[in-house]
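Residue numbers (numbering that gives the first Met the number 0), protein chains in the order written: chain C, 0 to 230; chain D, 0 to 291.
All the pointers check out, no bait thrown in.
In the DSBU-like style, the derived pairs of lysine-lysine whose C-alpha atoms are separated by at most 30 Å in a straight line are: (1) D:Lys102 to D:Lys10; (2) D:Lys139 to C:Lys170; (3) D:Lys102 to C:Lys106; (4) D:Lys79 to C:Lys106; (5) D:Lys95 to C:Lys106; (6) D:Lys79 to C:Lys222; (7) D:Lys10 to C:Lys170; (8) C:Lys190 to C:Lys164; (9) D:Lys114 to D:Lys79; (10) C:Lys170 to D:Lys115; (11) D:Lys115 to D:Lys139; (12) C:Lys106 to C:Lys225; (13) C:Lys222 to C:Lys207; (14) C:Lys225 to D:Lys70; (15) D:Lys102 to C:Lys225; (16) D:Lys114 to D:Lys41; (17) C:Lys106 to D:Lys115.
Covered stretches of chain D, as calculated for chain C (at least 3 residues, CB under 8 Å): (18) 74-85; (19) 100-111; (20) 140-148.
In case anyone wonders, no lab produced these hints; they're calculated from the structure.
Values in this document were obtained by computation on a predicted structure and should not be read as measured data.
Heads up, the beta-carbon is just placed ideally off N, CA and C, and yes, glycines get one too.
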Amino acid sequence: MKNFSIWLSLTVCVVAFCGTALNIGWAQSTTEILTRLDQAATSFAGATASIRVITHTGIINEDETQIGNVVVKRSSPHEMRFLINFAGPDAQAIALRDRTLQIYYPKLNTVREYDIGKYKDLAQKLILLGFGMPGRELGDSYDISNLGSERVESQDSVHLQLTPKASEVLKQLSRVDLWISLRTNCPVQQKFYMPGGDYRLVTYSDLKVNPPQLPTSALELPKGAKREQMN
Amino acid sequence: MSQELVPFFMKQPHVTFATGTMIQPLGGFDTLTGIDLAPFNKLSGGFRFINGGPFQGDDDVIVDEYYAREKKLAVGSTIKLINHVWRVSGIFESGKLARICAKLDVLQSLTSNSKKLSQIYLKVDDPNRAQPVVNDLRDKMPGYSIYSMEEFTSLLTINSVGLLRNFIGVVIGIAVIVGFIVVSMAMYTAVLERTREIGILKALGASSGYILNLLIRETLLIAIIGTVVGIIMTYGTQWLMMHAVPASLTQETVYNWWPITGAISVVGALLGAIFPGWKAVKQDVIQALSYE
Numbered sequence: 000m001k002n003f004s005i006w007l008s009l010t011v012c013v014v015a016f017c018g019t020a021l022n023i024g025w026a027q028s029t030t031e032i033l034t035r036l037d038q039a040a041t042s043f044a045g046a047t048a049s050i051r052v053i054t055h056t057g058i059i060n061e062d063e064t065q066i067g068n069v070v071v072k073r074s075s076p077h078e079m080r081f082l083i084n085f086a087g088p089d090a091q092a093i094a095l096r097d098r099t100l101q102i103y104y105p106k107l108n109t110v111r112e113y114d115i116g117k118y119k120d121l122a123q124k125l126i127l128l129g130f131g132m133p134g135r136e137l138g139d140s141y142d143i144s145n146l147g148s149e150r151v152e153s154q155d156s157v158h159l160q161l162t163p164k165a166s167e168v169l170k171q172l173s174r175v176d177l178w179i180s181l182r183t184n185c186p187v188q189q190k191f192y193m194p195g196g197d198y199r200l201v202t203y204s205d206l207k208v209n210p211p212q213l214p215t216s217a218l219e220l221p222k223g224a225k226r227e228q229m230n
Numbered sequence: 000m001s002q003e004l005v006p007f008f009m010k011q012p013h014v015t016f017a018t019g020t021m022i023q024p025l026g027g028f029d030t031l032t033g034i035d036l037a038p039f040n041k042l043s044g045g046f047r048f049i050n051g052g053p054f055q056g057d058d059d060v061i062v063d064e065y066y067a068r069e070k071k072l073a074v075g076s077t078i079k080l081i082n083h084v085w086r087v088s089g090i091f092e093s094g095k096l097a098r099i100c101a102k103l104d105v106l107q108s109l110t111s112n113s114k115k116l117s118q119i120y121l122k123v124d125d126p127n128r129a130q131p132v133v134n135d136l137r138d139k140m141p142g143y144s145i146y147s148m149e150e151f152t153s154l155l156t157i158n159s160v161g162l163l164r165n166f167i168g169v170v171i172g173i174a175v176i177v178g179f180i181v182v183s184m185a186m187y188t189a190v191l192e193r194t195r196e197i198g199i200l201k202a203l204g205a206s207s208g209y210i211l212n213l214l215i216r217e218t219l220l221i222a223i224i225g226t227v228v229g230i231i232m233t234y235g236t237q238w239l240m241m242h243a244v245p246a247s248l249t250q251e252t253v254y255n256w257w258p259i260t261g262a263i264s265v266v267g268a269l270l271g272a273i274f275p276g277w278k279a280v281k282q283d284v285i286q287a288l289s290y291e
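Here chain C stands alone, though its shape is the one from the complex (with noise of 0.2 Å):
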């Protein structure tokens, strides 16, 4: 009975200082991928990648598969552009310039515009989540937690939960888990919880940073197509 006694405590202690040990070495790491991603975003010019989207309907259980690639590019300091091509048999392309978010329509060859204004930054900080991100940025907008290191698309990662502070934007997520590679400290995977079980996983593999050849063509949509303005 002592020696259970005694190998108790010792488990408790030995789970204890296991727990305060990971809890210094996941603060410490945190604040070193957010330093790091800080010196990375200074960087930054841009980045390509294949994309796969699942969106999963939770009450019915449900994933529906989007593939595609992914262009990024920086246009000014604070400002990058994106074009998002999906492929299939429900192919369409998204591209975010300025104020202006426009979906091209293959079938229909038009491009629709949005102008979305005021939700600009919000759209560029959800879409492009840790592209180019500065960790400050992360840190102001959102509660990180360290959720420790991970294998993701045969990469090296580091998983981290966002839980975002604005009050509006909880209304809308819930929660984002963000995997970031640790060796091009940019998103392999970033998974978008939706209030009600619905999720956004969105994975990026051949990821491409500051590639030498990213002409700004690389974002345009086609040019014969009929643009519409939507609002």
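Based on these hints, arrange chain D on the given structure of chain C.
This is chain D only, laid out in the frame that chain C set:
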């Protein structure tokens, strides 16, 4: 949202039927609605066609009578919507919460939204159970916008569009102020021009009260006739809208505004008339007679 939610809704307690639609904006207030005709008919009681009938081909649309009249469409006409040419296969009586309808799967495919819906309509076994069903679904599906038809149709009023509501408020405010000033200025000028006549009346022995009484009665008569003519003219604009742009613009006669507009014109006219009239009757007769 996913089309697979429809079978899920069908399984919910008290839900007897469910069907989804897809809505594509066309600019302004017009939309193109994708429907699955058989289920939509089952839910809505069916389209009553004035001309033609349901879709025959994938590129067919059906339009309501107002839209057909505005765009001068007949069965067999073609119309370009969302950069796609459609053929009108039927014209239906309005009142289906949609003016232009196309096949759901065709619209989903064209807009790269296969198996996606914009809205799902549910039918419940008892109208009194609608709200409890809505509440139950809101609990099960937080983050989704779920409304009873009563709540949904109330969202379609201008009051639900913040900017439009403010814009209309500003337009009404400007119209009230400008209307008031115009009526006042018109009467002011009219009475000012009659200073000499007022002088003649005074020279003939008319008292100030008699002259003011005369002016007020005349002003009141003009204001009332003006109000009535203005109200009649609103029916003219209503007729014009109904015939020129029946599907886009509608004008509702708000009877509560009749006494308000009447009061604006009467008060404006009286204020405009009394001030110069009072000045004229207080003037010396010789000065009033020499007024030019």
